[in-house]
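Protein chains: 2
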Amino acid sequence: MTRWEPDARGRMQRAALDLYAERGFDETTVHDIAQRAGVTERTFFRHFSDKREVLFDGSHELEQVVVRGLEESPSSVPLEMVADGFAAAAPFFDERREWSKKRSAVISAEGSLLERELLKLSTMGAAITEALRGRGVGDRDAELAGDLGVAAFGCAFQRWIDGDYAAVAGDGAGFAECLRDTFRDVSGVLRACDQVAAPQVENAAI
Amino acid sequence: MTRWEPDARGRMQRAALDLYAERGFDETTVHDIAQRAGVTERTFFRHFSDKREVLFDGSHELEQVVVRGLEESPSSVPLEMVADGFAAAAPFFDERREWSKKRSAVISAEGSLLERELLKLSTMGAAITEALRGRGVGDRDAELAGDLGVAAFGCAFQRWIDGDYAAVAGDGAGFAECLRDTFRDVSGVLRACDQVAAPQVENAAI
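Sequence lines, in order, name chains A and B.
1 is the number of the first residue of the first sequence in my numbering; add one for each residue after it.
207 is the number of the first residue of the second sequence in my numbering; add one for each residue after it.
Hints listed in this document are in silico derivations from the structure and should not be mistaken for laboratory results.
Just so it is clear, CB atoms sit at the ideal spot from N, CA and C, and this is done for glycine as well.
Any given hint could turn out to be false.
[Said to hold, decoys possible] Pulled a few chain B residues facing chain A out of the computed Cβ check, cut under 7 Å:
no., residue
1, Val245
2, Glu278
3, Pro284
4, Val312
5, Glu349
6, Asp353
7, Val395
8, Pro405
[Unchecked claim] In silico lysine to any residue, SDA-like type, Cα no more than 25 Å apart, as pairs:
no., chain 1, residue 1, chain 2, residue 2
9, A, Lys102, B, Leu325
10, B, Lys326, A, Gln158
11, A, Lys102, A, Arg133
12, A, Lys101, B, Ala332
Bound-form chain A, shown alone (with noise of 0.2 Å):
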């Protein structure tokens, strides 16, 4: 039987990610996430694989969660059954908008964490794909609505952690609300914008 350490994971999980915006990821050795977590190495790799899967716990529970909000949705817009997807996890963002903030700086700043985040949310593109094909989604709408759902979302998030979605529309504004506008936006898009520049044409007669 091994010791119950309460709440073991969680602390690895703050003291990895204070470790890696202090002192940076190259820097942080197992053995110092486990030190200041008050743990042994052992334990660290009996929870994760390495030092980056530190950052990525929940990853599988979240993209169930969206696929279930996803089969739940009541419409029948490719694009809107991920975006209600995408709603059903809001919560859990909601709950966390300070370490999203932090760990998502922390993944920007290094090459492989920023390589390893794309990896999982490419992975859960392709969940998001698969549930859209049980929902009778034609196979080329769903891989382009799995892929696109997930640069929206992609997006909506770092809206929401940029604070810029905050001050717009105010402080309480949850990420669902970030989500739908930007859910919204993608039409947007494909719309012609009057401040559009014309194109820039070298040695144009003058």
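Since the structure of chain A is already known, use the hints to place chain B on it.
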């Protein structure tokens, strides 16, 4: 002065791709690649930083072609500008469909290569967003159109190498046509589809 090696770069790329396909990425060393290409390991490292990068040669040039195409697009619709950007790169793809196909299979089979590919695409998205801003598109739409555009490009690329596209559109159908079709489909996923299955409701009264 270094010894002149006719197309050493191309030979190393072909050797690496062949070896990754034959025996797997992990089982291939820089020594193996250099040997098959008939160069020294030193020559390899003069051209590529590691054995991953050898598959990503040209991604910066591709980005420049796409950005240039976007800057010269006659459209004022953000996502159309992005489509025009990628269309400018179509000849690049048409010249090497078999290479792209083999490369894609190798990348999908190896997590660390897939991560690198996704990172390159994300960098491309940022460059596109920047170019859209240069055309006068607002920040939020520029970010969204950049990321959606890369997602749509990824789908188009997959369709094109899968061969399904060639089967539907005829063998002579180039990447540009596949790209146009895919970008057109973006509007499709914003419309209701008839065949969508009703939401799964558990314990529904029968």
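Hints, one by one, checked against the model:
no., hint, result
1, Val245, "violated (28 Å)"
2, Glu278, "holds (5 Å)"
3, Pro284, "holds (4 Å)"
4, Val312, "violated (16 Å)"
5, Glu349, "holds (6 Å)"
6, Asp353, "holds (4 Å)"
7, Val395, "holds (4 Å)"
8, Pro405, "holds (5 Å)"
9, A/Lys102 with B/Leu325, "holds (20 Å)"
10, B/Lys326 with A/Gln158, "holds (19 Å)"
11, A/Lys102 with A/Arg133, "violated (35 Å)"
12, A/Lys101 with B/Ala332, "holds (20 Å)"
Hint compliance for this structure: hints 1, 4 and 11 are not met, and every other hint is.
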